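Asks: These are the residues of each chain, in order.
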Amino acid sequence: MTVLRPFTLHRPETAEEACALLAGLGEDAAAYAGGTELLLLMKLGLLRPRHLVDVKRIGGFGDISDGAQLTIGAAVTHRAVEQSALVRSRCSLVGSVARHVANVRVRNVGTVGGNLAFADPHSDLATLFLTLDSAVELVSSRGRRELPLAEFVRGPWETARASDELLASVRLTPWPSETAAAYVKFGVHERPTLAVAAALRVAGAHDGGGGRGDRIVDARIAVGCVGPRPTRAAAAEARLTDVSITDVEEAARAASDVAAASVDPADDLYGSADYKREMVAVFVRRALRIAAARARGAEPSERFPHAVVA
Amino acid sequence: MKIRVIVNGRARELEIDAHALLLDVLRDGLDLKGAKRSCDMQVCGACTVLVDGLAVSACTYLALEADGRSVLTVEGLADGESLHPLQRAFIDAGAVQCGFCTSGMLLTARAMLAENAKPTRADVLHYLRGSLCRCTGYRKIVDAVLAAAENAR
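Each protein sequence line maps, in turn, to chains A and B. Using the numbering used here, the first residue of the first sequence is number 1, and each one after it goes up by one. Using the numbering used here, the first residue of the second sequence is number 1, and each one after it goes up by one.
Okay, chain B solo, but in the shape it has when bound (with noise of 0.2 Å):
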């Protein structure tokens, strides 16, 4: 079946099957290899993608349901060689360890301030929950996300 789908600001018009994973339509069909398969039931949030803004599990989301909306996966969050300020605050924070959690953590926490430009340390806290870093490097995580929300201001 055919879907057409904004793709990190691009508009693709994509041959899938009705039982694709939006999982492996991204990394396996445009080569975006930022969402990672970890633990494939929608717990850890490695997968994490924004579909019309909202944070979903491409690890368990059909890629059908894709269609007629937008995508953003962490290679569209910086603006060209521009890091997005989440980006920066990460870096800034050493928040960034082996890397494998940051999309996901990055993608959710766009998510939350868009919904919510001041959020409290307990607003990142409930948000981020279930989203898993295996090196434990969570207090960074959420003073980035933190120091991103202020910057803003």
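Extracted from the complex, chain A is given alone in its bound form (with noise of 0.2 Å):
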């Protein structure tokens, strides 16, 4: 039987009352949400905090909210994001990421403020926020800032959070509605080997196309769990730059060799640095091949074995 260490359990209604207390307790506090991945830690003793912060009762913490951008606040369960007929409407996309994140056990207590916030390398939602611009907004006793997700992010379990703040929120800005997007994961594991986000807009999807209707105007890839943080595939993506949507074949095969040439990955459990550089290449090039099949209005019915399209 696993038994926690002992702790003192503080549970804040405000923000400002969360942050006095990580100014006042330090190193020896840990905000605490689902649980998810701190009790975890804490059960291996890898994690010893004596006092646990819990933020669930911490208006707006818990709530999902449009404007320019749509904001995830830190306490959303990754059941409510895949319920939530606001993200379905904005960008369904995460819904549907959503809904495969580890299993419903998890996903009905785990946050994705916990998620982002623990930056755990074999995760989904960091490589699907960087394709949609993400920020996440911190706030301490000393005032409130927002950061992109990408300088959030530092390496595995490592993040730019300082000690006394608190991650409140995740603010995407979903996609124009001209883009069609697709996840691909795979692995064997609970945790995902590897992890390919791919968004292609294309001009004037909408009008029928003529002229330059069916380019690909703006091709974001990210590529997670196979280096020490998810990262965006800038080289890859300016290759398929103006290139029809109806002809991606050659543009994303070229697009996913200069993606797996980008990544770092290490020699691991989940498999050789070489094979996951080889994996990366062929799930890039299968998300941008589901991508653009459903840029131009068609689902592909192809599946992967052990692989997860969202």
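If you're looking for bench data, these hints aren't it; they were derived computationally from the structure. Values in this document were obtained by computation on a predicted structure and should not be read as measured data. Among the clues, some could well be false.
Below, computed lysine to aspartate or glutamate pairings styled on EDC-like, alpha-carbon distance capped at 16 Å [unchecked claim]:
#	chain 1	residue 1	chain 2	residue 2
1	A	Lys56	A	Glu16
2	A	Lys56	A	Glu17
3	A	Lys56	B	Asp67
4	B	Lys140	B	Asp92
5	B	Lys2	B	Glu65
6	A	Lys43	B	Asp40
7	B	Lys118	B	Asp143
8	B	Lys33	B	Glu75
9	B	Lys140	B	Glu150
10	A	Lys43	B	Asp24
11	A	Lys56	B	Glu65
Take the two lone chains and join them into the complex the hints point to.
Replies: Here's what the structure looks like:
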């Protein structure tokens, strides 16, 4: 039987109160929401906080709200994202990816904020969110700041959050409507071996074609789980600009090779670095094919062993 | 600390530690041994219980979170001597082998059917992802869940 070390639980109802606790307790405190990451590490003895600051009762932390950006509160569960009509209407792929995070028990309890703040390299959200110009909102007694997600996630289990800061929300910039996207992850364990998010924006897709109407004007590719942190594959994205959406095969091949060359995998229990690099090429190509098919109004029925397509 | 929780329909007032895990409170405090500790990391589903109808991994869930809520374990599934339709369907389909995963499978299936009374095979497979059967008897488990859904109509 695993026993957690004793701790004191605090249940602030405002962000100010929570921040004061974090500032006062320093490294002795940990923010606690669903506990799906935190309690695991506490059971293993890797984290030994003497105080848990429960953020679930803080006003706004459990909300999803609309505006120029879509704001997801740190304490929103994966399940709530999956079931949110707002998320579905503003960026349906976010809801589809949430539906495939871990398993239903983790989705019922685990939160978006916890997922991002733990920065586990084998997670889904950060990879997808990188293609949505995401930023996280951090609050502390010293004030409030917003950081691009790419700057927030620094490496495996490492973020730019200071110990007195609280992750309050993540803000996503939904793609323009003429964007088609796909998220594909692959793995035989609970956590994915690799994940690819691809979004293709086509010029004037709704103008009935003609002229440059079938050209890709913005391609976004993010690769996660294989390197120390998820990254955008900028050089691969460039290979797709101005390519016809009806004929992406050649460009997708070139882009996937470039993406594979850009990642920084290591040998570990998920596989060798060479294997992961090869799989990145395979799955970037597949994600691009699926996104391109969706841009043309088709839903590919092709499925891949040990892979999830969202 | 004191929590008030309804366990299998019965109101309880329990004195627990803040760091107590729900699984230990159920198994050791209330002698409800249906939920099993197995992987201890939310991967296998053997410790699944329902909290306000939602499946959770009791191995990694603070008991204090159940305060003011309703917990259902496999012991609360049958109505006295009368088995729950899912339990009946598991027996009829031969979906129980060693039995270690069965309580988690039953409760996860119950949570799914409460949300979706007419699941497809793909729906069942999706919902049961992360519920592991070490006997690998998945086909009969899925058959049983689909049969229970069919019988309820």
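Asks: Taking the hints in turn, state whether each one holds.
Replies: Each hint, compared with the structure:
no. : hint                : verdict
1   : A/Lys56 x A/Glu16   : holds (14 Å)
2   : A/Lys56 x A/Glu17   : holds (13 Å)
3   : A/Lys56 x B/Asp67   : holds (14 Å)
4   : B/Lys140 x B/Asp92  : holds (10 Å)
5   : B/Lys2 x B/Glu65    : holds (12 Å)
6   : A/Lys43 x B/Asp40   : holds (9 Å)
7   : B/Lys118 x B/Asp143 : holds (13 Å)
8   : B/Lys33 x B/Glu75   : holds (8 Å)
9   : B/Lys140 x B/Glu150 : holds (15 Å)
10  : A/Lys43 x B/Asp24   : holds (13 Å)
11  : A/Lys56 x B/Glu65   : holds (11 Å)
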